[in-house]
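Trainee: Here is how the chains run, residue by residue.
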Amino acid sequence: MSDAGSQSPLISLSDIRRIYGQGATEVRALDGIDLDINEGEFVAIMGPSGSGKSTALNVIGCLDSPTSGHYLFSGTEVANLTRDQRALLRRHYLGFVFQGYNLLSRTSALHNVELPLIYKGMRSAERKREALLALSMVGLEHRAKHDPSELSGGQQQRVAIARALAGNPRVMLADEPTGNLDTKRSVEIMEVLQRLNKEAGLTIVMVTHEADMAAFADRLIWMVDGKIERDEPTRKAA
Amino acid sequence: MLLETLRLALQAIFRNALRSFLTVLGIVIGVGAVIAMVTVGQGSADQVTADVEKLGANTLMVLPGEDPMGGGPPGTAVPMFSLRDNDAVDEQISSVAVSAPISQIRSRVVFGNENRQTDVVGTDNRYFEAAQWEFALGRPFAAAEIQSGRAVCVIGETVRDTLFSTRDPLGETIRIKALSCEVIGLLKSKGASTFGSDQDDFVIMPLRTFQRRIAGNTDVSVLYVSVRDGVSTDRATEEIEALMRQRRRISADEEDDFDVIDMKQLATMLSGITDILTGLLAAVAMVSLLVGGIGIMNIMLVSVTERTREIGIRLAIGAQASQVLLQFLVEAIVLSLVGGLIGVVFGLGLGFAGARALSVPFTPDITIILVAFAFSAAVGVIFGYFPARRAARLDPIEALRHE
Chain A
553 MSDAGSQSPL
563 ISLSDIRRIY
573 GQGATEVRAL
583 DGIDLDINEG
593 EFVAIMGPSG
603 SGKSTALNVI
613 GCLDSPTSGH
623 YLFSGTEVAN
633 LTRDQRALLR
643 RHYLGFVFQG
653 YNLLSRTSAL
663 HNVELPLIYK
673 GMRSAERKRE
683 ALLALSMVGL
693 EHRAKHDPSE
703 LSGGQQQRVA
713 IARALAGNPR
723 VMLADEPTGN
733 LDTKRSVEIM
743 EVLQRLNKEA
753 GLTIVMVTHE
763 ADMAAFADRL
773 IWMVDGKIER
783 DEPTRKAA
Chain B
3 MLLETLRLAL
13 QAIFRNALRS
23 FLTVLGIVIG
33 VGAVIAMVTV
43 GQGSADQVTA
53 DVEKLGANTL
63 MVLPGEDPMG
73 GGPPGTAVPM
83 FSLRDNDAVD
93 EQISSVAVSA
103 PISQIRSRVV
113 FGNENRQTDV
123 VGTDNRYFEA
133 AQWEFALGRP
143 FAAAEIQSGR
153 AVCVIGETVR
163 DTLFSTRDPL
173 GETIRIKALS
183 CEVIGLLKSK
193 GASTFGSDQD
203 DFVIMPLRTF
213 QRRIAGNTDV
223 SVLYVSVRDG
233 VSTDRATEEI
243 EALMRQRRRI
253 SADEEDDFDV
263 IDMKQLATML
273 SGITDILTGL
283 LAAVAMVSLL
293 VGGIGIMNIM
303 LVSVTERTRE
313 IGIRLAIGAQ
323 ASQVLLQFLV
333 EAIVLSLVGG
343 LIGVVFGLGL
353 GFAGARALSV
363 PFTPDITIIL
373 VAFAFSAAVG
383 VIFGYFPARR
393 AARLDPIEAL
403 RHE
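Protein sequences, first through last, are from chains A and B. Under the working numbering, the first residue of the first sequence carries the number 553, and numbering increases by one thereafter. Under the working numbering, the first residue of the second sequence carries the number 3, and numbering increases by one thereafter.
I should point out that these hints are in silico values taken from the structure, not numbers from a laboratory. Positions of the beta carbon are idealized from the N, C-alpha and C atoms, including for glycine. Possibly wrong hints are sitting among the right ones.
[To be verified] No more than 20 Å apart at the CA atoms, straight line, and that leaves these computed lysine to aspartate or glutamate pairs for EDC-like:
| no. | chain 1 | residue 1 | chain 2 | residue 2 |
| --- | --- | --- | --- | --- |
| 1 | B | LYS179 | B | GLU116 |
| 2 | A | LYS680 | B | GLU6 |
| 3 | A | LYS672 | B | GLU6 |
[Claimed, not checked] What the simulated footprint calls covered on chain A by chain B, stretch by stretch (three residues with Cβ under 8 Å from a Cβ of chain B suffice, anywhere in the stretch; the number is not a length):
| no. | segment |
| --- | --- |
| 4 | 576-583 |
| 5 | 665-676 |
If we strip away everything but chain B, and leave its shape as in the complex, we get:
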């Protein structure tokens, strides 16, 4: 009997193909919107994760201070690191591939009539390795330049663009505060980071040069650590913490006065934000699915009125109320399921186009597809029930008399 009911429903649907299509449209758009939103949102989240991983999935930053993420000037009372701290991390910890000492300030750099406010970084060649910088022009520092603290520098693409336009910067001398510094290298552009900052906006010089000629101290403010492939960042973090506690003579009952930041945690935080956004968009799309359901109810109600005579005939020849109810209910469910199905295809197409347009990966999620599909079926049951009940309660005599 259920099979017959299904056949009856399909016949009724195809007997009114255009109206059925219009009925289904709301569900198609609702399901499509949910799937497209979630797919694009998921793609964005994946993109963020991928970006952060490119930026350094295996990267740890070691900073002095108790809570570097909490703001406030770091290290007011906390001692900075030294080059020896960095070298200890670099050489004594097996899970560390390379650790670069970094000290930096914000300063104006000048060439001729041009100038730019930028990051001035003191480090050594280990930084190029740890952060995977490649040279577009020139060379990294020579050992002698690092040892003696020569006034040489490597610049990023943004600085080159401002100071030299398209000219070759090699061999030119730029001025940073009182220091005149020869440009010996230009780094390949990495573009904007996931966080939106320009990664190419800096000038790099040997750490000793920076300490003596710019900062006037021997501090190292950040250790930029690249973890060896195949070693978990958690293990490296533990080892670095143990070593630094020992080097900084922190007793067992004291808190760390430094912090190891895992870039992966930042990635998690960012994709968390993206997830929230995706959820919000999906909620909006769910509302449109609900509206689609109300559309089905409207059209089913119209359909019941229009088909009053048909219902009368069915009742007269012996259909029971429950059978008429079932027929209209099945019709509504079939409609919403078909709508759901078309919506899935439509949503995936839209998601694909959206992902392309935003240049994020297209990663359809089977869970959300099933959820949206199940929801559309539920819409059919809930919003189909009321019209179906109205049909079932018709009086056959009245229904047959209906014009």
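The shape of chain A in the complex, shown without the other chains:
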């Protein structure tokens, strides 16, 4: 993956469309998106249900391929990659945090965090060191041996963040990361993300429907009907 330098955007979408079905039942989840995200940005995507914000995140996260359009990731076209190529891209450059945490049950926090490193082919000792480092970045190194069922929702989501961090990604993609949490825990999670963004310079793209949470980001993208309606700095950043 070539690096086109800090001037060109890390993520560059141009006229991205994602269309499900055909003819009368056609659904335009993304209907011509143009979006540049620079290294080190903390971007929140908001919008009503069905506005295509999750689809946008899936396309940015290379979980999904756009029907048409161009997607330059770090200057390389990735819109037409095969399934396995996208898997490799995710493995090496992207980290995911989901609303439902999606940790493996009956598996220790440490092992959950190690999971992406296994697919990176890292050796056991190094993997453990990296995983513990990631857990310490979310303040959970003392919970490494615990199963998800022994952790609170907030802690589980922090383990999930640690898992996304463990691969040392260029971008972290968060899909409603606070959707299952109360306000206090939500704020904790957002503070963790904000710290990672400010201190480690991690690029974060987050989908949320809570304005309070979006406020932690620097930039807010408002989507309606598969299009970007507004793209502006958050009040805090401004």
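Based on the hints, put chain B in the right spot on chain A.
Mentor: Chain B in isolation, oriented as in the chain A frame:
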């Protein structure tokens, strides 16, 4: 990476210990059944062989007639043997330990109010030696009794049981046709033969007595030959054939008009039958192994559905389709191998118990153990592949959304 995959598979298996156990059960039963069946079958075959060997591994029977095994009345046109034929075999052939002349009919024997249809055999003391009979009571024939054809007899346990119940038969007189005959000996019971016939059901008298008083001729119908230890029965057979051809004046271009039967051939035939039975049972057991494989496939498919989210997570964080495929495949193989292993132990235990119950020797066969084990591994690959492929083809977005 393969080692990691193996570790992942083991973790997944232990995370669902109960389900894994149930999955494995089919394979355990399948492999166990195959091994138990074959082990017990093999034991039975060995038992048959051992029985026949006890009956006379070194025993040859010489019969007149071209094909005594083919049925039909033997010797209609073929001359019988004589006592001199037997003595020639006994004395002139070095590989023969002892040869006994035998002539016999089926007849009713009577004592008091009791009677029994039994085999009446004319022979001499050489028969007791050749067939390894021991005396429970009394004695074999005296030389004078054989020479003069005295009316004396030795009886088997079954005849004693019918005619005398538990009483001492020695000195009593039994009647066979017109002959009254004094019982001078009782043989130790040998029980039923492998062929199912009662070996103790007979009355034995001196050959001359039998020929004069019962049969009314001087024929000998069978030579019962015991081969010397350390000499092959094949060699003895050849020598007997050569001698008999000469004695019966059979020219070089003529077929034998007698036959030498090796008891070992009977043993081979019998164990052949047992082998076929064992094979059939093993085939049935193989079917259960197949059913076990289908069980693995079922549970793996359920497992894939249940673990859809897990698969989604793995795909999202960068697992390639082939890696997910491999993980589930390895899981299925590990399951079936573990099942196979438990099945081997289980089958050997069952085989041991079965062998005990049927009182046949316990002879585990390493080949069948390896075959059953390899088959269980193959079951894992074949029936694990379909669910694994389904897992690998999942769409990560759909999989993550799965509840």
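Trainee: Compare the structure with each hint and give your call.
Mentor: Here is how each hint holds up against the structure:
1. Straight-line distance between C-alpha atoms of B:LYS179 and B:GLU116 comes to about 14 Å, which keeps the hinted pair within the 20 Å bound.
2. A threshold of 20 Å between alpha carbons decides the hint, and for A:LYS680 with B:GLU6 the separation of about 14 Å falls inside it, so the pair holds.
3. A C-alpha spacing of about 11 Å is found between A:LYS672 and B:GLU6, which places the hinted pair at or below 20 Å, so the restraint holds.
4. Check on the segment 576-583 of chain A: 0 of its residues sit with their Cβ under 8 Å from a Cβ of chain B, so the three-residue criterion for coverage is violated.
5. Coverage of a stretch by a chain is defined here by at least three residues with a beta carbon nearer than 8 Å to that chain's beta carbons; for the segment 665-676 of chain A and chain B the count is 6, and the condition holds.
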